[in-house]
Amino acid sequence: MAEGGCLPTMDLMRSEPMQLARLIIPIETAHRAVSYLGELGLFQFKDLNAEKSPFQRTYATQIKRCGEMARKLRFFRDQMYKADVSSSKLAYGSVITLDELEAKLGELETELIEMNANSEKLQHAYNELLEYRLVLKKMGEVFNSAQKKATTQQREQEHRRVEGSIDSPLLLEQELATDSSKHVKLGYVSGLVPRDKSLAFERILFRATRGNVFLKQDSVGEPVIDPVSGQKVEKNVFIVFHSGERAKSKVLKICDAFGANRYPFTDDIRKQQQMITEVTGKLSELKTTIDVGEHHWRNVVQTISHQFEQWKNMVKKEKSIYHTLNMLSFDVTKKCLVAEGWCPVFATNQIQKTLMQATVDSNSQIGVILEILQSKEPPPTYFCTNKFTSGFQEIVNAYGVARYQEANPGVYTIVTFPFLFAVMFGDWGHGICLFLATLVLILREKTYSSQKLGDIMEMAFGGRYIILMMSIFSIYAGFIYNECFSVPFELFGTSAYACRDSSCEDATTIGLIKVQNTYPFGLDPVWHGSRSELPFLNSLKMKMSILLGVVQMNLGIILSYYNSKFFQNGIDIWYQFIPQMIFLNSLFGYLSLLIIVKWCTGSQADLYHIMIYMFLSPMDDLEDNELFFGQKYLQLMLLFLALIAVPWMLIPKPFLLKKQHEERHQGRTYEPLGAHDDNLGPESAGGSHGGHEEFQFGEVVVHQLIHTIEFVLGSVSNTASYLRLWALSLAHSELSKVFYEKVLMLAWGYESVVILVIGIIVFVFATVGVLLVMETLSAFLHALRLHWVEFQNKFYEGNGYSFYPFSFDLIGDDEE
Amino acid sequence: MGFLLTTLIFVAIGIIASICVRICCNKGPSANLFHLTLVITATVCCWLMWAIVYLAQMNPLIVPILSESE
Numbered sequence: 001m002a003e004g005g006c007l008p009t010m011d012l013m014r015s016e017p018m019q020l021a022r023l024i025i026p027i028e029t030a031h032r033a034v035s036y037l038g039e040l041g042l043f044q045f046k047d048l049n050a051e052k053s054p055f056q057r058t059y060a061t062q063i064k065r066c067g068e069m070a071r072k073l074r075f076f077r078d079q080m081y082k083a084d085v086s087s088s089k090l091a092y093g094s095v096i097t098l099d100e101l102e103a104k105l106g107e108l109e110t111e112l113i114e115m116n117a118n119s120e121k122l123q124h125a126y127n128e129l130l131e132y133r134l135v136l137k138k139m140g141e142v143f144n145s146a147q148k149k150a151t152t153q154q155r156e157q158e159h160r161r162v163e164g165s166i167d168s169p170l171l172l173e174q175e176l177a178t179d180s181s182k183h184v185k186l187g188y189v190s191g192l193v194p195r196d197k198s199l200a201f202e203r204i205l206f207r208a209t210r211g212n213v214f215l216k217q218d219s220v221g222e223p224v225i226d227p228v229s230g231q232k233v234e235k236n237v238f239i240v241f242h243s244g245e246r247a248k249s250k251v252l253k254i255c256d257a258f259g260a261n262r263y264p265f266t267d268d269i270r271k272q273q274q275m276i277t278e279v280t281g282k283l284s285e286l287k288t289t290i291d292v293g294e295h296h297w298r299n300v301v302q303t304i305s306h307q308f309e310q311w312k313n314m315v316k317k318e319k320s321i322y323h324t325l326n327m328l329s330f331d332v333t334k335k336c337l338v339a340e341g342w343c344p345v346f347a348t349n350q351i352q353k354t355l356m357q358a359t360v361d362s363n364s365q366i367g368v369i370l371e372i373l374q375s376k377e378p379p380p381t382y383f384c385t386n387k388f389t390s391g392f393q394e395i396v397n398a399y400g401v402a403r404y405q406e407a408n409p410g411v412y413t414i415v416t417f418p419f420l421f422a423v424m425f426g427d428w429g430h431g432i433c434l435f436l437a438t439l440v441l442i443l444r445e446k447t448y449s450s451q452k453l454g455d456i457m458e459m460a461f462g463g464r465y466i467i468l469m470m471s472i473f474s475i476y477a478g479f480i481y482n483e484c485f486s487v488p489f490e491l492f493g494t495s496a497y498a499c500r501d502s503s504c505e506d507a508t509t510i511g512l513i514k515v516q517n518t519y520p521f522g523l524d525p526v527w528h529g530s531r532s533e534l535p536f537l538n539s540l541k542m543k544m545s546i547l548l549g550v551v552q553m554n555l556g557i558i559l560s561y562y563n564s565k566f567f568q569n570g571i572d573i574w575y576q577f578i579p580q581m582i583f584l585n586s587l588f589g590y591l592s593l594l595i596i597v598k599w600c601t602g603s604q605a606d607l608y609h610i611m612i613y614m615f616l617s618p619m620d621d622l623e624d625n626e627l628f629f630g631q632k633y634l635q636l637m638l639l640f641l642a643l644i645a646v647p648w649m650l651i652p653k654p655f656l657l658k659k660q661h662e663e664r665h666q667g668r669t670y671e672p673l674g675a676h677d678d679n680l681g682p683e684s685a686g687g688s689h690g691g692h693e694e695f696q697f698g699e700v701v702v703h704q705l706i707h708t709i710e711f712v713l714g715s716v717s718n719t720a721s722y723l724r725l726w727a728l729s730l731a732h733s734e735l736s737k738v739f740y741e742k743v744l745m746l747a748w749g750y751e752s753v754v755i756l757v758i759g760i761i762v763f764v765f766a767t768v769g770v771l772l773v774m775e776t777l778s779a780f781l782h783a784l785r786l787h788w789v790e791f792q793n794k795f796y797e798g799n800g801y802s803f804y805p806f807s808f809d810l811i812g813d814d815e816e
Numbered sequence: 001m002g003f004l005l006t007t008l009i010f011v012a013i014g015i016i017a018s019i020c021v022r023i024c025c026n027k028g029p030s031a032n033l034f035h036l037t038l039v040i041t042a043t044v045c046c047w048l049m050w051a052i053v054y055l056a057q058m059n060p061l062i063v064p065i066l067s068e069s070e
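Residue numbers (the UniProt record's numbering), protein chains in the order written: chain L, 1 to 816; chain W, 1 to 70.
Heads up, a few of these hints could be off.
As the list claims (entries may be wrong) - Derived pair list, reagent style EDC-like, types lysine to aspartate or glutamate, alpha-carbon separation capped at 20 Å:
{"no.": "1", "chain 1": "L", "residue 1": "737", "chain 2": "W", "residue 2": "68"}
{"no.": "2", "chain 1": "W", "residue 1": "27", "chain 2": "L", "residue 2": "196"}
{"no.": "3", "chain 1": "L", "residue 1": "452", "chain 2": "W", "residue 2": "68"}
As the list claims (entries may be wrong) - Label-pair ranges, simulated between beta-carbon atoms:
{"no.": "4", "chain 1": "L", "residue 1": "630", "chain 2": "W", "residue 2": "25", "range": "46 to 52 Å"}
{"no.": "5", "chain 1": "W", "residue 1": "15", "chain 2": "L", "residue 2": "760", "range": "41 to 47 Å"}
{"no.": "6", "chain 1": "W", "residue 1": "25", "chain 2": "L", "residue 2": "78", "range": "26 to 32 Å"}
{"no.": "7", "chain 1": "W", "residue 1": "21", "chain 2": "L", "residue 2": "58", "range": "49 to 55 Å"}
{"no.": "8", "chain 1": "W", "residue 1": "16", "chain 2": "L", "residue 2": "309", "range": "49 to 55 Å"}
{"no.": "9", "chain 1": "L", "residue 1": "333", "chain 2": "W", "residue 2": "21", "range": "54 to 60 Å"}
Simulated from the structure, these hints should not be mistaken for laboratory data. Don't be surprised by glycine CBs; every beta carbon is placed ideally from N, CA and C.
Turn these sequences into a full structure, and let the hints guide you.
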């Protein structure tokens, strides 16, 4: 590709020259070579095994191993999270191979799983024993109190029996006697039931056994850890007395249904005491065992945390290396791997040095061969950006990545984008606020770049240099519009306007007059707050938008000229660039000229009238609307030029392209077949689009027609689209005026400190929320749209693909 | 101060800025050209905005009519 003439190439203007390279790597060096290339980060591997499924590839097992290790590391991370231990950032620890790492991870995993299972069992047993102890205590109390009552009652009965032995009938005695022997043994079931189910429990027991049970419940003061669910639940201790086997089975079933845990209980007091001491002893034993187990677990997790980051990085790297190795193809002799890929031309030496290093380090006899290939495939686009330019390049790439070696709009976007933003945002007070905010971000760059930020913060941080430029230009535009929180200042001298006479009586009816020279820098401060402010400002800003728009569109068309010159496309220069320039400038360039002449002469000509009647009745005399001598003839000539520019764009190019195509393929039909096959071979493998042998004339004509119509109609609509610069600037100044006058000044007028403070707070929140956040985003968006559509559609193709080298830095954290 | 005079001041500021940028970061011809382009573009944009606002106020068709409260 030829150079752009006598000028040296400019950084970032066109993509770095790229070349397709083939590496032939012996097998023993392969892993190390790929690893070193990953560190270097300047080689993009092509997938040579695209037809194979992931399971058919050579290193599929290795990748599976890495996947397993990644899973184990995720498990460790969960354990670390449970133990509230964070992984240390220090990457110390010995260098270990992948196999050793795998074995170690496997060991640690089994150990941790075992420990977790054990501790769970122990905890379960512990909770059960706790509940058992509660049952013993509570039921012990119940039984004791019941026992006391029973003994007192029995004594009373005996007392009565002793007293009434003669009077009472014999049958009653016998009944009493037999009654004691016929006593059915009462069985009981004791345990704990959750408190919220206790009422239902009671009711169902009552109904199921027809009221033949006696239930006593006692609530437990504090919630108890349920052994089954592991959660704290409020429970009641219960004891159910029943008679008979059927009742017992019914009670047991109901207990199970309600999830009530049952514990055995004896009514013997001595045995109760024994049980209590036994249980307490077992509880303390279990506690110590559990504590020791947890301590051990915590130690293991701590040791893991020291080396966690290192292991994670290692596994990530190895996985990516194996993925890359999978893209290489085995040579026929099965002794080396072949890699194909793109790399920048300037990096050739570095890559060769790296490969030599890999050969030396792996003690191989054979070196790696680097071969440059020729290809018709379009190379990826690579711009060497630094931290300042990368933001701007990203917003350009968001619309479309530049085709290989076409002009990069990013170069001009660095200045014009903040400038157009400032035209819509012009207020130096707000600009200073934005500037201070981004200054904070930039000064704390180092800390923020190593942290993980939220989504919005990350976008704001990534665009910090863009916002910095935007704020600097906004401060400048604010001085020009003479607005600081919508307040004008007389910074550059006194106003140029004064009253007509000393009494100033018609200042509010007819107005002031201009007595001095024009205010030297920016807008005269007298305009703010006057009644004719809006008509004047609207006219000024609309005309400014048109002028800026015409300038930017002309820049776009000129860039298309440089593109055509670079790609040596003469047809485009003569039959696209020139008619486009003529058309745009004879209409909208002429309008810009009229605007400037009207301003300079101060004439009262009506520009709408001039432009419209230039088309409707060009032969008419101009009378009042004449701005300069010979205007009518100039207009006729410009109209004529514009009219011939349209068929100039439309008609010659398809015919010339057809002739060019025929010339190129004239000698081709008599080439020997062998050469032809060679041509098709790498092309079909690469899937390029350079192999078109057909020339569809119809398609080319339609394409050119669409392009022409788009340009012609687009020139009107794009110029009008720039009026959004006026619209947003008006919105911004009106909003800030409203906040200032209706909030701050209103609060000031009340002579009360409380209202003033409230007013200030409302003013600050409104300014930050509406003007600094919403208006910034809005103006950002519209300035971006103006770049993407109105500027770039004059010259930008944007159908390339980005250079994405194999680099360890670029592999993101896909697990997090 | 006059249109031409201020335009000359803008040109002078542009030249001084390019010289400063060339002194501060001199990183080879392609980078220098890039920085020069940025400085020139910025100067032209700023001058354009100033010139438009100045020209519009030179021979005004509308005069400021003060509002009642003044």
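Are residue 27 of chain W and residue 196 of chain L close enough, with their CA atoms no more than 20 Å apart? Answer violated: residue 27 of chain W to residue 196 of chain L is near 79 Å, above 20 Å.
Is the distance from the Cβ of residue 630 of chain L to the Cβ of residue 25 of chain W consistent with 46 to 52 Å? Check passed, 50 Å falls within 46 to 52 Å.
That 54 to 60 Å hint for residue 333 of chain L and residue 21 of chain W (C-beta), does it hold up? Since the Cβ atoms of residue 333 of chain L and residue 21 of chain W sit about 57 Å apart, the hinted range of 54 to 60 Å holds.
Holds or violated: residue 452 of chain L with residue 68 of chain W, Cα cutoff 20 Å? Judged against 20 Å, a Cα distance of about 57 Å means the pair is violated.
Beta-carbon spacing of residue 15 of chain W to residue 760 of chain L - inside the hinted bounds 41 to 47 Å or not: holds (45 Å)
Against the 20 Å threshold, does the CA-CA distance of residue 737 of chain L and residue 68 of chain W hold or violate the hint? holds (18 Å)
Do residue 21 of chain W and residue 58 of chain L keep their Cβ atoms within the hinted range of 49 to 55 Å? Roughly 53 Å apart at Cβ, these two residues keep to the hinted range, so it holds.
Would you say the C-beta atoms of residue 16 of chain W and residue 309 of chain L sit inside 49 to 55 Å of each other? Given about 50 Å between the Cβ atoms, the range holds.
Confirm or reject the claim that residue 25 of chain W and residue 78 of chain L have a C-beta distance inside 26 to 32 Å. violated (49 Å)
Checked against the numbered hints above, the structure violates hints 2, 3 and 6; every other hint is satisfied.
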